[in-house]
Amino acid sequence: MFEKALVGGRRYWTLVAVLLAIIGIGFLVYLKQLSYGLGITGMSRDVSWGFYISQFTFLVGVAASAVMLVIPYYLHNYKKFSRIVILGEFLAVSAVTMCILFIFVDMGQPMRIMNVILHPTPNSILFWDSVVLTGYLLLNIIIGWTTLQAEWKETAPPKWVKPLIYLSIPWAISIHTVTAFIYAGLPGRHFWLTAIMAARFLASAFASGPALLILLALILRKYTTFDPGREPILAVSKIVAYAMVTNVFFFLLEVFTAGYSQVPGHLASFEYLFFGLEGHGRLVPLMWISILLAIVAIFLLVVPATRRNETTLKVACIAVFISLWIDKGFGLVIGGFIPNPLERVFEYWPTLPEFIISLAVWATGFLILTILYKIVISVRESIGPGEPAH
Amino acid sequence: MKMDRREFLRIAGLAGLGLGIGTGASGWILSRGIEASEFIPSPNALTAKRWAMVVVLSKFKTEEDYKRVIDACHRFHNVPDIGNPKDEVKWIWTDTYEHVFVGQENEYLPEEFKERPFPLLCNHCTKAPCVRVCPTKATFKRKDGITMQDYHRCIGCRFCMAACPYGARSFNWRDPRPFIKETNPSYPTRTKGVVEKCTYCVELLENGEMPKCVQASKGGLIFGDLMDPNSEVRKVLSENFSMRRKAEMGTGPSVFYIIGGGEEDV
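Going line by line, the protein sequences match chains Y and Z.
Residue numbers 1 to 390, in my numbering, belong to the letters of the first sequence in order.
Residue numbers 391 to 656, in my numbering, belong to the letters of the second sequence in order.
Don't take each hint at face value.
[What the hints assert, rightly or not] Label pairs and their in silico Cβ distance ranges:
| hint | chain 1 | residue 1 | chain 2 | residue 2 | range |
| --- | --- | --- | --- | --- | --- |
| 1 | Y | F2 | Z | P575 | 31 to 39 Å |
| 2 | Y | V284 | Z | P575 | 26 to 34 Å |
| 3 | Y | L34 | Z | E454 | 52 to 60 Å |
| 4 | Z | P575 | Y | K32 | 40 to 48 Å |
| 5 | Y | T146 | Z | G412 | 41 to 49 Å |
| 6 | Y | L15 | Z | P575 | 53 to 61 Å |
[Said to hold, decoys possible] If you want the footprint, here are the derived chain Z segments under chain Y, 3+ residues with CB under 8 Å:
| hint | segment |
| --- | --- |
| 7 | 448-462 |
| 8 | 501-508 |
| 9 | 540-548 |
| 10 | 559-570 |
| 11 | 601-609 |
| 12 | 636-643 |
[Claimed, not checked] The calculated lysine-lysine pairs, modelled on DSSO-like cross-linking and capped at a C-alpha distance of 30 Å, are:
| hint | chain 1 | residue 1 | chain 2 | residue 2 |
| --- | --- | --- | --- | --- |
| 13 | Y | K32 | Z | K582 |
| 14 | Y | K32 | Z | K457 |
| 15 | Y | K374 | Y | K80 |
| 16 | Z | K527 | Y | K32 |
What the hints contain is simulated information worked out from the structure, not anything from laboratory work.
Quantities reported herein were computed from a predicted structural model and do not represent experimental measurements.
Heads up, the beta-carbon is just placed ideally off N, CA and C, and yes, glycines get one too.
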C-alpha cells in the first residue's frame, strides 16, 4: 500500500519537497543547538520550559481528538463518519510523532533518552507519558493501516483489530490526562495546581483537533478527489461547538476561583498573562487575541446559520485552532513559570533558532500527514466510490 | 569425550545447583536494591540520620559575610559565573524577605529587615518534589536526607526545575567550563544539558569536614543531625523561633531560618 505514496502529481511532490527543505534547515539548526546547548533558546533558569514543551502539550490534544470520530463511528455505528475516521487516526499518528520529537529536541542530553527505559521510574509522570504516547502511536498506526488495507482489498477488517479500536478510546483520554498530570501535580506552581487541568485539556483538545480535521478535509476536497460529504462535516462542527463552549466554561471556572478568592498566588499568572505584572506583559496582546478569537469562534459555531455555512465554518475553525494554540501552545506553559517561585518576574520569548527547529518539527508532522493522506486518497481512487465494506 | 549416564546426571545436577545458587544470589541482591550512595564510610566521616541547616541571620552583618559564604561554595564546586541571569547557575544565593518567605509579606516590618538579604539554597526536602518527578532517578534521596543529583544519568528534561517550589535548581544551558575562573580538580565540572544544585557538600562530610558554606560562615550557618536531640541544630532550634520556606507545601524543608533578635540569642 505504501507504494501509493511514491507516485503522485506535481503538486504532491512540490509539497513534499518544500516540507523536506524546512526539515533540512531545521535539522541543521538542531545540530547547532546540540553543540551549543539549550541556551540557544529563549529558555532560562526561571522559565525552564518554553516553546518546545508547549507545542508538545498542544499537540497531545490534537492527537487525542481522533477519539471524537472513533466514538461515533465504532461505538454508535454512525456510518457517515466512515470516510473521515481514518483522517482522524492518521492525524493522531502525525501529532504524536510531533509530540515525541518536541520532547526530544527539548532534552539537554538527548543521547541519554534510553535512561527513561533503563531506569523506569513509575512515580514520575514523564515515565507514564512516554508509555501512553508510544502506545497511542502504535495503536493508531496499526488501526489506521489495517482498516485502510481492508478497505483497499474490499473486505471487512480482521477481527483482532476491533479490541484495539475499543482500547484506543480510553487510551486517547489517557494521553491527555497524563499530560495534564505533568503540570497539575507540582506543589509550587499555582497556575497549574488545579484539579480541572485534565478536564480543561480534554475539552480544548476536542475543539482544536476536530477543527483542524474539518479544515484538512476541506483542503483535501479542494485539491483531490476526496469528498468527506456535507453531513459528516456538519456533525464534526457540532462536536467542535460543544467542546469549545466547554473549554471556555472550564477556563472561566479557573478565572472565578482565582479572581473571587483573591489569593495572590492564584492570581499572579492570570495577571501576568492578561494585564502584565510589574511592568512586564509580553504575552498580553497574544492572550487577548486568543480571547477575541474564542468569542468569534463560539458565536459562529453556536448560531446554526453560520455553522452550516461552509465559509463561516472555515473562519470559525481557524479561529478555534489559533485561539487554542495561543492558549495551550504558549500561555499555559509559559504562564505557569511567571512569576517564578520567588515571585520575581523573568520573561520568555522564543529565539529564531528555537522557532526554526519548532517549524521543522511541525513540517515533519505535516510530511507524515501528507504521505498518509496521499495513501488514503489513492486507495479510495483505486477502489472507486461507495461505502467501505465494514 | 565419552560420558556415561551416571556422569551426565552428576554434571547436570551440579550445573543445576550452581545455576540455582547464582540465580538466588542475584535475586537477593536485586530485591534488596543497590543504593547509589552505598559504600563503606570512612572512619572519620560525619554521619547523620537527617542533615539539616540553620541560618542565623544576625550573624550576617556585612555584604562580605554573604559573599564569603557564596564564594566558598561556588569556588569549591566549580560553579560557573556566566554573567547573565538567563544562563545563570547558582547553588547558594540571596534574596529579600518578601521573595524568600512568599505569602508572608508584611509592609510594616522594620526597613532594615525588608532590605536585608537572606541566604538561599536547596532545602533537601523530606518529601522532595524533584525526586518524585525525575523520570530516571537521576535526582534521588540518600538515607541521610540529602537530595542528590547524578550528573551522568540526568537527561536534562528539567521536570525537577518545574517541580521545585524554591527555585533551587540550575540547568547548564551551555558549556559551563569556559566560565569557571579556577577549576577545582577535587570536584567534577559539569557538561551542558544537565541540572545541578547544592549537595550539602556530601563529599566533604564523607571526609569528616563540614560543608564549605558552613565553614566560611563564622557561625552564621549551623549544620547537624535533626534526628539527634543533642545536636547543635536541635539546640538552637529549641531555643529560638525559626521559620522554613513554604512549609505549607508539605515538602518538609530542612533549612531553618532564625531571623529575630540579636547575637546573644544564639
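These are the hints, each one checked on the structure:
1. With their beta carbons about 57 Å apart, Y/F2 and Z/P575 fall outside the hinted range of 31 to 39 Å.
2. Evaluation of the 26 to 34 Å hint for Y/V284 and Z/P575 yields a failure: the beta carbon distance comes to about 50 Å.
3. Here the CB-CB span from Y/L34 to Z/E454 is close to 42 Å, at odds with the stated 52 to 60 Å.
4. Separated by about 31 Å at the C-beta atoms, Z/P575 and Y/K32 break the suggested range of 40 to 48 Å.
5. A C-beta distance of roughly 44 Å is found between Y/T146 and Z/G412, which places it inside the suggested range of 41 to 49 Å.
6. Separated by about 56 Å at the C-beta atoms, Y/L15 and Z/P575 satisfy the suggested range of 53 to 61 Å.
7. With a threshold of 8 Å between beta carbons, the proposed coverage of the segment 448-462 of chain Z by chain Y is violated, since 0 of its residues qualify and at least three are required.
8. Judged by the Cβ-Cβ criterion of 8 Å, the segment 501-508 of chain Z is not covered by chain Y as claimed, because only 0 of its residues qualify and three are needed.
9. Restraint check on the segment 540-548 of chain Z versus chain Y: 6 residues with Cβ-Cβ distances below 8 Å, three needed, restraint holds.
10. Given as covered by chain Y, the segment 559-570 of chain Z passes the check, having 6 residues with a CB less than 8 Å from a CB of that chain where 3 are the minimum.
11. Taking a C-beta to C-beta cut-off of 8 Å, the segment 601-609 of chain Z contributes 0 residues in contact with chain Y, too few for the three needed, and the coverage statement is violated.
12. Restraint check on the segment 636-643 of chain Z versus chain Y: 4 residues with Cβ-Cβ distances below 8 Å, three needed, restraint holds.
13. For a cut-off of 30 Å, the pair hint linking Y/K32 to Z/K582 stands: about 13 Å separates their Cα positions.
14. For the given pair, Y/K32 sits about 36 Å from Z/K457 by alpha-carbon distance, which is inconsistent with the 30 Å threshold.
15. Simply put, Y/K374 and Y/K80 have alpha-carbon atoms about 21 Å apart, close enough for the 30 Å limit, and the pair holds.
16. About 29 Å separates the Cα atoms of Z/K527 and Y/K32, which keeps this hinted pair within 30 Å; it holds.
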